[in-house]
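Student: In our numbering, the protein residues as written are 187 to 1163.
Wrong hints could be hidden among the right ones.
[Unchecked claim] Here are the computed lysine-lysine pairs in the BS3-like style, where the Cα-Cα straight-line distance is at most 25 Å:
{"hint": "1", "residue 1": "Lys595", "residue 2": "Lys521"}
{"hint": "2", "residue 1": "Lys383", "residue 2": "Lys276"}
{"hint": "3", "residue 1": "Lys617", "residue 2": "Lys268"}
{"hint": "4", "residue 1": "Lys595", "residue 2": "Lys578"}
{"hint": "5", "residue 1": "Lys617", "residue 2": "Lys595"}
{"hint": "6", "residue 1": "Lys595", "residue 2": "Lys582"}
{"hint": "7", "residue 1": "Lys514", "residue 2": "Lys582"}
{"hint": "8", "residue 1": "Lys576", "residue 2": "Lys595"}
{"hint": "9", "residue 1": "Lys275", "residue 2": "Lys576"}
{"hint": "10", "residue 1": "Lys584", "residue 2": "Lys595"}
{"hint": "11", "residue 1": "Lys576", "residue 2": "Lys276"}
{"hint": "12", "residue 1": "Lys436", "residue 2": "Lys268"}
{"hint": "13", "residue 1": "Lys584", "residue 2": "Lys521"}
{"hint": "14", "residue 1": "Lys268", "residue 2": "Lys521"}
{"hint": "15", "residue 1": "Lys584", "residue 2": "Lys275"}
{"hint": "16", "residue 1": "Lys800", "residue 2": "Lys399"}
{"hint": "17", "residue 1": "Lys521", "residue 2": "Lys582"}
{"hint": "18", "residue 1": "Lys521", "residue 2": "Lys276"}
{"hint": "19", "residue 1": "Lys275", "residue 2": "Lys383"}
[Claimed, not checked] Here are the simulated distance ranges between beta carbons:
{"hint": "20", "residue 1": "Ile905", "residue 2": "Ala801", "range": "43 to 49 Å"}
{"hint": "21", "residue 1": "Ile915", "residue 2": "Phe511", "range": "53 to 59 Å"}
{"hint": "22", "residue 1": "Ser604", "residue 2": "Ala440", "range": "38 to 44 Å"}
{"hint": "23", "residue 1": "Tyr218", "residue 2": "Ser913", "range": "37 to 43 Å"}
{"hint": "24", "residue 1": "Phe511", "residue 2": "Leu587", "range": "58 to 64 Å"}
{"hint": "25", "residue 1": "Glu442", "residue 2": "Val812", "range": "46 to 52 Å"}
{"hint": "26", "residue 1": "Ser828", "residue 2": "Ala797", "range": "52 to 58 Å"}
Keep in mind that the hints were calculated from the coordinates and are not lab data. Beta carbons are placed, not taken as given, at the ideal position from N, Cα and C, and that holds for glycine.
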Amino acid sequence: MKSIHLVVLIVIFHLVALLSVFDIYFRSPIVYGMDQHKASERVREIEGTKQTEMKPEAPAKRLILFSIDGCRADRFFLAEPKFLTEKIKKQGRYGISHTRVPTETRPGHVAMCAGFWEDLSAVTRGWQENPFEFDSVFNQSFSSFAFGGPDAIEIFFKKNQKRNLTTFAFTGDDEHFTGPLDTLDIWVFDHADELLKNATWNNSLLTQMESDKVIIFLHLLGVDLEGHAHLPLSQEYTDHIRRVDARIQKFVEAIEDFYGHDNRTAFIVTADHGMSDRGAHGDGDPMCTQTPYVVWGAGFSGPVPLAQSPSLSSPNPQIFDTRVFDWKLENFLMKDINQADIAPLISAVLDLPFPMHSVGTLPIDLLDTSPQFRTSALIANFDQMYSQLKMKSSIKQKNSLSFLFRPFKPLDPSFVDSEINTVISLAGEGKFDLANQKVLNLIQLALEGLHYFQTYDWFFLRSIVTLGYVGSILSAITLALTKTKPTTNSQNHSFFTLSSILVETFVFIVSLSVFALLFVQHSPIQYYLYSIFPLLFWREILHNLSFWKHLLSHFFRNFFRNSILLLFVLGLLQLIVFGYFKRIVFSLAFLFLILIPFIFSTSNTKNKMTARFKALWILSCLIMSVFTALPIIKGVVIDIISIAGVIVVSFLVFSLLLNFTSFISILRSPSEISLWKGSKIHFLTAVLQLVLVALSFVSAIWTSLIFSKGGGLSQTNMILNWSILASSIPLIFFASPDYYHRLTSIFIGLLPGFVLLSVSYEPIFYVFLCFSMFLSMKLICQLQTNQKEDQNQKNQKNFHKQEKENQKNFHKQERENEKNLLPLNVQLLSIISLFFIFWFNISIFGAGNVASVSSFDLSATFRFETRFRPFTMGALLAWKLFVPFIPVLLTFEIVAKFLQISLMQVVLFVFALADFPAIQFFFFVRDSGSWLEIGMSISHFIIFDLFFLSIFILLLVSKIFTFKINVPFYNSFNKKD
């Protein structure tokens, strides 16, 4: 296989591996063809033991669902909304509804109204559309009316086959983060009021409204916008919740008047997701997954008073969340539910068929109905899940070889029939608590059974993906160490040799066996795709066995030294893995890196590291270790931005006055420094870049002050910010081609846009990151110089010795020199690649933790756009993420030029080393546990797997920035220090 083909294969494999995570851990739970069940269907059967012929009636005729977008539980209850608090204390129940990742608008409403957790493959469609048809409470209702944002309601309209859902949606252009943020809430309530008014003269609409099984859904986006703009801990967020409460009260009164206070209306107030302290959501942060709910009205039970607790230290045992004391609700029983439980709750209250794909558990404690109805509803809840389980079992059995199929034994059909009969008998005898507990046990088993078939193929899929990763690692190392000309054995040999025939035969037999097994089991096409990569990788590895024997022989030739290097590499990689869970680990890693110049300065070579350089290296490591020990940035801090501006601008001005070459001129020897004489364009470029940096700080502070006072972004502010961003990049290309000057110009040229997207100390971090990059460049080149000189001395001695022994053995000496070069390449590439991976992660974690989606502070984009523009805001945040990575990539590209090694060799070795953490994160991905654990596990793997794509994308950017750059070779680089 040609080198370029193997590189492309490695890249494609990592994209496929990313998709495999969703296919393995988060496959769509949706299947079709099941019977549907509704709450009242078993009532007669239960009451039949009492000879009752009464027709069961739905607890409520209609239901009003309010969804307060972005309203997190603790802030809602702390706001003490007057109307809803009164309902909690006098008429209804309350608690926390727990969502799942991704904590976004659309997935939250799917769980709320369809009863199943988001199919994560919908990420490829931006959460705007589900790849599969699904059922919802709106489908099962007689008539539904929905008001609000397109993300929340249009998905149900598109999937609404009965066309019984009437929608009223505003557009994305109406969503903005400055000015009055009540506009969209007012829009929703106005249109809902208009619906009631229209029904007074429109007989057709009136008939719809007065029918049974009607749902009115109001999606209120204002609180979410308020949280993004002013953060959830702000007074503005609290006040907005109270204003929503007042508007809900007004609409509830209008509904009651419209229906003549017939007491047949049920009400639910809840939220799709919460929000972190930083004003973001999307991940599994508890503040994102905990949302409030309040229910009251027809079919819902009233408040359950608790005995007053003597103190917070000895609360009532029924109080499991001590925050109720802060909420002043400690005397009323709170019940936690899952967000997916709301769908079966709506179905039970209106006596609708449960949504076909629902996996929510009906919270019967919230129902105020006959005990027979509650038990019947719970059985129907189980029957709906069991129908899905039977369908999944049938599909898997049909697509499996009979001797390989493994059924879910705990829910054998005979056992289920026996248990349901027992439940009905117990209910008929009035033992409802015992009967309900049995059904809940069956529901738990059904959920386990659904998970069992959801993970049925895990072992096979995870095995082949792991084999693919190992094959990718070995192939990348082979390609890197053979100077991008792999398979020296396979390329120069005949495929008709015995070894080649054996390899090809073995791979063919394995391939045929795997594909035949997949075919007879009717496996999806992607299973074939996952299997191809390990086969291709291992085919190349088997053809290069001679190379690996050669490499291993060198490893054992100097076993102690090579073992130390291997442990160093694997140890630092493992520290990086730990750093994804505890950022402080990166600080410890910096303390470890301090030792490197001292370890390698003991070389016998002439080029030793000076005391000045060692002092700078220690200072740099200590400063950088501080950033990874700081807490994650939360919200805009104007004072810190101001301090950062003073520090950064003063540092750059001092550097410019000290020497025009750059602020890192202290790293260069006097003979290397060239003060510009007559190069006015370069001096002017540096001055303009400095002016833009200062102007960006002024604009950032200015706009932040405006936002803090409740103002909006003016057209002048927006034009200024976009102008700074647009003009800072072109100036880079007017810098000198000298590598020091060009790198400095690039680093400073990226700073203004980064400042405008910063909310705290990020600019200070960026400047010291750039300074550390220059030090790392100097360090790696110095290490290579020392190693190269040592190796040259050794080769020279070996050559003279061999020449004296046998002048005729010239070819043998060439091979010996090549063998001596191989371990040197391994050490060099290991150090460069390890530094690259380490600094890549520091660029990510130095100013926050982007492994958490909610770590992105959306308020940083408000300096450029205040309306809700997902693409623009996402692009700006992506740019902010990639800016610190560009100096890292450019530095190591320059290092490759210094040392006269192929940049592709470095990239391939980086691929190989980075796959070690990637394999760990692949197995760390979870589909159970807390929502925080699930969300973080996905984020960690995606970051490391997309590491490869980001390198190739930024390599293209770096090629533009470093066009015609002058870089000396390593031997001239270290002539003088």
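Student: Each hint should be assessed against the structure and marked as holding or not.
Tutor: Hints, verified against the model:
no., hint, in the structure
1, Lys595 / Lys521, "violated (33 Å)"
2, Lys383 / Lys276, "violated (30 Å)"
3, Lys617 / Lys268, "violated (40 Å)"
4, Lys595 / Lys578, "holds (14 Å)"
5, Lys617 / Lys595, "violated (28 Å)"
6, Lys595 / Lys582, "holds (14 Å)"
7, Lys514 / Lys582, "violated (52 Å)"
8, Lys576 / Lys595, "holds (12 Å)"
9, Lys275 / Lys576, "violated (43 Å)"
10, Lys584 / Lys595, "holds (17 Å)"
11, Lys576 / Lys276, "violated (43 Å)"
12, Lys436 / Lys268, "holds (12 Å)"
13, Lys584 / Lys521, "violated (42 Å)"
14, Lys268 / Lys521, "holds (20 Å)"
15, Lys584 / Lys275, "violated (54 Å)"
16, Lys800 / Lys399, "violated (76 Å)"
17, Lys521 / Lys582, "violated (37 Å)"
18, Lys521 / Lys276, "holds (16 Å)"
19, Lys275 / Lys383, "violated (31 Å)"
20, Ile905 / Ala801: 43 to 49 Å, "holds (45 Å)"
21, Ile915 / Phe511: 53 to 59 Å, "holds (54 Å)"
22, Ser604 / Ala440: 38 to 44 Å, "violated (51 Å)"
23, Tyr218 / Ser913: 37 to 43 Å, "violated (56 Å)"
24, Phe511 / Leu587: 58 to 64 Å, "holds (59 Å)"
25, Glu442 / Val812: 46 to 52 Å, "violated (60 Å)"
26, Ser828 / Ala797: 52 to 58 Å, "violated (36 Å)"
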